Structures are given as structure tokens and as C-alpha cells.
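My request is simple: use the sequences and hints to build the entire structure.
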Amino acid sequence: MDQPKSAHPLQGVTNFRDVGKTVNCFLGRRLVREGVLFRSARPDDATPHDEAFLRDDLRLKTVIDLRSQTEIRQQAAKTQPGTGSTTSFINSLVFAPQLRRIEGFDYHEIGVTGRSFERHLLSKLAWWSFFKVIFLAIIGLRLRASRIIVNEVMAPIGLLGVSTVSLDCSGAQVRDALLLLSSPRSLPILIHCLLCALALMALRVPTPAIEHDYSMSDAALIVDFEQRLADIRETRFPDEWARTAKNMVPGVKAHLADKYGGIDGYLDSIGFGEEDRIKLSEALLY
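Counted from 1, the sequence shown has number 200 at position 200 by full-length UniProt numbering; the numbering is strictly sequential.
FYI, nobody ran anything at the bench for these hints, they're computed from the structure.
For clarity, every value in this text was computed on a predicted model and none was experimentally measured.
Just so you know, not all the hints are guaranteed correct.
[Unchecked claim] Straight-line C-alpha distance at most 20 Å; calculated EDC-like pairs for lysine to aspartate or glutamate:
| no. | residue 1 | residue 2 |
| --- | --- | --- |
| 1 | K253 | E274 |
| 2 | K246 | D218 |
| 3 | K124 | D106 |
| 4 | K279 | E152 |
| 5 | K253 | D239 |
| 6 | K132 | E152 |
| 7 | K21 | D264 |
| 8 | K132 | E234 |
| 9 | K246 | E211 |
| 10 | K259 | D168 |
| 11 | K132 | E118 |
| 12 | K253 | E118 |
| 13 | K61 | E118 |
| 14 | K61 | E109 |
| 15 | K61 | D168 |
| 16 | K253 | E234 |
| 17 | K124 | D57 |
| 18 | K279 | E34 |
| 19 | K124 | E109 |
| 20 | K259 | E282 |
| 21 | K61 | E282 |
| 22 | K259 | E274 |
| 23 | K279 | D264 |
Okay, structure coming up:
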């Protein structure tokens, strides 16, 4: 079957697609429901045209934001007037800047790189680096603190390692996100990379189709590649993190198999049991 052409011409939101259409076109058969499960990069920069399309044409109801509160604050600070000034810096320490939200959508901030994930990364630092990171965070130099963690812990384990650590450390958050995907009241819903792949695994979507959907992000994100590369370099992430990791989907599946006995074992371990998985299938499969 021919690959789906871009049926959703958004102006400010990149990497947007109907996951059901992508999977079904790849497989040549109807498996995942179309028009209910969407994925994209961050929707923060949606234009009025985008907002109208998402709300009125697609009738989107729910947005799951997987970023941590730290990531959300950093992104919000970039969009504030006067960013970079002393006054703006002081205000960002006292008043948490807010991201612009699209009116009419139900936002759920479910940080899979939240406190438990951050504690795990801190535990991997050498003692001197640990105290340095804590000191820098206390005095408000969060970017410098993040660079130490990136250089000493995150970069060495790669994108795949960071993804598997987040799954291991943030089971409660993953469960909350999957419960939203299982609820007809939340649909249609907009999600992001790791959660999308995990949900498709839980639905028994063939691995090649999951890899295909994941790999489509490279071409879809080319329009703002230079900006993403600049953001990545600012935090000292390796340049290759601006693209998808070729071993991501099989690597995650192998990790779940080795540590939990497979996707069902992982889902059981986080409290997303068989009944929950049946509801997920009823909500997202034909």
C-alpha cells in the first residue's frame, strides 16, 4: 500500500501524523484506529491555523506532555519577552514561566523524565560532580548543572539507554499515560515518541511497523533541524541526538524482554494489567 501523504498541513507543529494511518498504510491492512491517535513534536508553537485544524477538523481532546517540569520551565522561559535579561532571569527563579496552551484541549503533564529519573541520574555521578550539580541548581544555574549530567551520565548511555532508564524509573507516569490512551473520553489524543512506541508494542503492532513510524520523524523534523541542533548543543548533548536512534525500537523491546520478560511483564510491573490492556485494545484497535 502507498505511504500516506501529509494530510495534516500544520504550520508550526512539526512531526505531526495520524499513527493509525501510518501503521495501516505500512502494513497494508487496517489494524490501528485512524483519527484517534496522533503524534507530534511539541505543540507549543502552534499557529492559529494549526489550533483551528486540531480543534475543529480533528476534534482533538487531549494532549499528553511527557516533559519534566524542568524541561517545561526551560522551554517556557525561551518564549518569554526579554529572555536573557537579568530581570527575566530573576523572574524565572521566582515565578515559573508558563507555556502557551491551546484553548479547549485537556493537557496532562506526565513527566517520564521526572524526579525518579533525575534521582537515578544523580546517583550515577561521582561525588564531586554530584555536589557541584546540587550547588549549581540551588543558585539557579540549571543549564550548567544539566550539562554535567549530560556529559557524565546521559551521553555515555545514548538515546536508547536514556529511554530504557526512563521506562524503568517512571512506571507510575507511564501507567497514567496509558490509562489516558485507554479512555474513550480522552480521544482523539496527541502523544509523543517513546509513549507512542510503547503503546504500539502493547497493542501487538508488528515491530517493523513501529520502527517505520518512529523513523519517519527524521524527515518530518528536517524543517527545524538547525534549531533543534542548536538546542541540543546548548545542553551538550551529542549531535546525533538530533536524529532518531536506529536501534531504538528493537533495543527497547530487548530491554523489556531481558528485565521483565516482555512487554506484558513490564506493564504488569507498573500496574497496567490485563484488563487495562484489553481496554487499550478496544480503544485503539479495529
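A quick look at each hint next to the structure:
no., hint, result
1, K253 <-> E274, "holds, 19 Å"
2, K246 <-> D218, "holds, 11 Å"
3, K124 <-> D106, "violated, 36 Å"
4, K279 <-> E152, "violated, 41 Å"
5, K253 <-> D239, "violated, 25 Å"
6, K132 <-> E152, "holds, 13 Å"
7, K21 <-> D264, "violated, 25 Å"
8, K132 <-> E234, "holds, 19 Å"
9, K246 <-> E211, "holds, 9 Å"
10, K259 <-> D168, "holds, 9 Å"
11, K132 <-> E118, "holds, 15 Å"
12, K253 <-> E118, "violated, 23 Å"
13, K61 <-> E118, "violated, 30 Å"
14, K61 <-> E109, "holds, 14 Å"
15, K61 <-> D168, "violated, 29 Å"
16, K253 <-> E234, "violated, 31 Å"
17, K124 <-> D57, "violated, 47 Å"
18, K279 <-> E34, "holds, 17 Å"
19, K124 <-> E109, "violated, 26 Å"
20, K259 <-> E282, "violated, 28 Å"
21, K61 <-> E282, "holds, 18 Å"
22, K259 <-> E274, "holds, 19 Å"
23, K279 <-> D264, "holds, 14 Å"
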